[in-house]
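The primary structure of each chain is shown beneath.
2 protein chains.
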Amino acid sequence: MADGIGTPGTGTAAATVEREDDLTGRLRVALKQSEDAGLEGAELSAALAAAIDDAHPADVADAMADLPRDDALRVFAALDLVRAAETLDEVDPDLSRYLLDHEVPGRIAALLDLLPPDDAAEVVSEASPERQEELLEDLERRAPEDAAEVRELLSYREDTAGRLMTDKFARLDADLTVDEAFAAIRSVDPDVETLNDLYVVEPAVGHKPGEERLVGVLSLRDLVRARPEQRVRDIMVHGDEIISVSVDTDQEEVARVISKYDFLALPVLDRDGNLAGIVTVDDVVDVLVEEQTEDVLKLGAVQQRHSEIPYLSTSVLATVRQRFGWLLLLFVASFLTAQVGEHYEGLVGRVAALASFVPMLIGTGGNAGAQAVMTVTRALALGEVRFGDWVRVLWRELRTGLVLGGTLSAVGFVFVFLVMRQPAPFAAVIACSITGIVIWATIVGSILPIVAKRLGFDPAVMSAPFITTLVDATGLILYFNVARLILRL
Amino acid sequence: MADGIGTPGTGTAAATVEREDDLTGRLRVALKQSEDAGLEGAELSAALAAAIDDAHPADVADAMADLPRDDALRVFAALDLVRAAETLDEVDPDLSRYLLDHEVPGRIAALLDLLPPDDAAEVVSEASPERQEELLEDLERRAPEDAAEVRELLSYREDTAGRLMTDKFARLDADLTVDEAFAAIRSVDPDVETLNDLYVVEPAVGHKPGEERLVGVLSLRDLVRARPEQRVRDIMVHGDEIISVSVDTDQEEVARVISKYDFLALPVLDRDGNLAGIVTVDDVVDVLVEEQTEDVLKLGAVQQRHSEIPYLSTSVLATVRQRFGWLLLLFVASFLTAQVGEHYEGLVGRVAALASFVPMLIGTGGNAGAQAVMTVTRALALGEVRFGDWVRVLWRELRTGLVLGGTLSAVGFVFVFLVMRQPAPFAAVIACSITGIVIWATIVGSILPIVAKRLGFDPAVMSAPFITTLVDATGLILYFNVARLILRL
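So the protein sequences, as listed, match chains A and B.
Per the working numbering, residue 620 is the first one in the first sequence, and the count goes up by one each step.
Per the working numbering, residue 620 is the first one in the second sequence, and the count goes up by one each step.
The reader is advised that the hints may include incorrect statements.
Beta-carbon label-pair distances, calculated as ranges [said to hold, decoys possible]: (1) 849(B) / 688(A): 41 to 47 angstroms; (2) 701(B) / 872(A): 24 to 30 angstroms; (3) 688(B) / 968(A): 40 to 46 angstroms; (4) 776(B) / 761(A): 48 to 54 angstroms; (5) 688(A) / 1010(B): 18 to 24 angstroms; (6) 747(A) / 1025(B): 29 to 35 angstroms; (7) 849(A) / 750(B): 47 to 53 angstroms; (8) 803(A) / 793(B): 22 to 28 angstroms; (9) 872(A) / 805(B): 32 to 38 angstroms.
It should be emphasised that the hints constitute simulated quantities derived from the structure, not laboratory data.
Even for Gly, the Cβ is constructed at its ideal location relative to N, Cα and C.
Construct all of the structure, not just a fragment, from the sequences and the given hints.
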């Protein structure tokens, strides 16, 4: 939603912004003093409410994340209903699940009732599975319509437009004059997410009641610009010219469309082509931050199920789990390098110095591969590169690798020959190997993400560590064969 | 700005969305046919305009990026003024500079005049330095006020709120009733960026005319919710409770505030505390995408001056320049590993198998370090970790490294002893080294970004390749000393 329900519709919060540390500190003091004084229940809540004062829900959520879980629950209990609902919407999923599982069910239902359906659906989705049905039944008793709406939203796949959308938007009739439209806006449901965009709808033909077709879109500014006697129909953008997404569109694609066209909101159509809701740009900002985190971590070979959980709130065990799979896989894969090493042990036995340069060579290959993989993965994410571009990418990276490898090989030759005082043929082995390894790593690092995407994987699984490990073994084989060739071993 | 000037104020574009490939294809055909028919000037423009039809400016910009520069200029010349202005706002900085340097100066001034000042300032900033003054003088002759506004915006440092803001926002008087406020909105300047948020201002005391103080903020929804006879003063959020940023605030911080509080717009105050403008969320979306690209590339040790330039539009030479600095630095640093290797050559001479396991050991260390550095850098960027948390981070990562390293060492022992049939003491060397190297890499990878940030650097300069190279040499020393100790060499 565009902002807290307590500060309806204003993009600029009603509450005082806190340096969150101050708020955490004040809460800690209040909790300590209350414990010392033996305060409980309503008295404890009053003391905590005084410490919270009029802090912004986003700041309260941050402060709660810094407190032990049971203290966070006490703070949560001290919030009035409206503030509690807003805060629940802001806390990270892990803490949210804890609060949902430990708070009195009746109060949660009251909170859900206060939240717009899209936020309520997100909150419910964070509860443990057995708790979800319980919450929905509670909500059903309080507000059957809201509960139905939440159930519908939850029926869409996670990370799709269906989950992000809201059905609280401003509707207009195409036949209204501009004057009448302004009058209609004055009496619009104040819970609508945005008044910047107005949606012109008519009942869907031959469908069950409540379904509506999007026939036009216009902005409040279009109304301001129009003459009073003009009709909405004449100034609106018409049906087939409206950019929209489907309930099944992936949230990354939704973010791409909104950011490309600089939209503030985007209509979402259901599977029958009827208007199901709108996605607003503020939800997209959250999506961007979330997907960004996922991408960065994936590129570092870190797997994260809930990337919204702050680093310091993640348990060590969870951190280990995020890293262990990839680390083990790459570890096992790297035994290949040991086997390559064993295979060439005779060679190393004859020229011991060969071994000393192994880390440098495969390290540089790994670095060149990491550079290529980060650049291309990012370009894929931004839609700058598609599968059809693979030949262009290959050709670009081949030349890039050639220039980079060539220059480094000159530096390497000078260093090995002059500084480390190795014989010239040996320096030549290092120089030739560097060129080859850098070109090879650059190509592998740039092409594999494209191939991965084509095969339906997230290109970011081709992480820097993955590419590095992959080019280590092949780089070694190249190196030892160059040595064999040049040194005639 | 919130959207193109041709589709004022609607978040949902008026123009047909193109599969951009189709548009590029149509333009290529039109260019080819025009060349074959010898068309030039107005005839050529007419042919191109027919191919463009009513494509969205964002799609036209994408198609232009796929064409040779001189063809892009021809397409640009074929656009009517309004569409050209919108398209100029969407093209990447490199192409923008080309267009600005090659288009007729008078036409550019006409385009700038059509753009809101914040977008005009961004366009001017993309021209070559000598051209900038020329453009501003042209604009001065056409629209002196706009030129002054653009000059003021350009006086702020790049990547600050001052550069992102616009002074086109809806102003209200605090003494208006709700009824009067609605009437005021009907006659507001239709060029305002948003009507969701309304800004209550009064003249700044003792300052030059035109300067105004922000006394309140309210949303259109607040107005809808209020009773007709209430006064704006009574329903607005008051001065000191308004969250705002300064003209000098970094754009990343602006993005953080807007995304944390789910704002649609944020007021910007000048150095005297007067209202200078507002930043809207759609600008923040662009900032997020841009900063995200920069971070990912930095983490891959790629330096990029203009991260907005699409990958395939970057020249190979520019790509080389982006990567060469770091690659060379890390290459030179990795000679340290060669020197470490030389130092222990005697050891390797006695136990040749030691050399075979070097790539595996330092590779695994590098991977563990990369995982830690990506996780912590991301947590720093999201504000989840601050310098004061370094002890907590150290303690977490120490335990994480211990569990990861311990588990891998068991796997390693079994593999080396049973599969590779090395003697038990040798397998123990590998096992102990892995534990040590993984712990060491995890700690270095997690602490260095925090230290870098404290020292005023961007933590992302502690890239995965940097950490990998750093732990390579130290890992080797650890390995050879463990070997010496266990194997009593």
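**Hints breached by this structure** = 3 and 7
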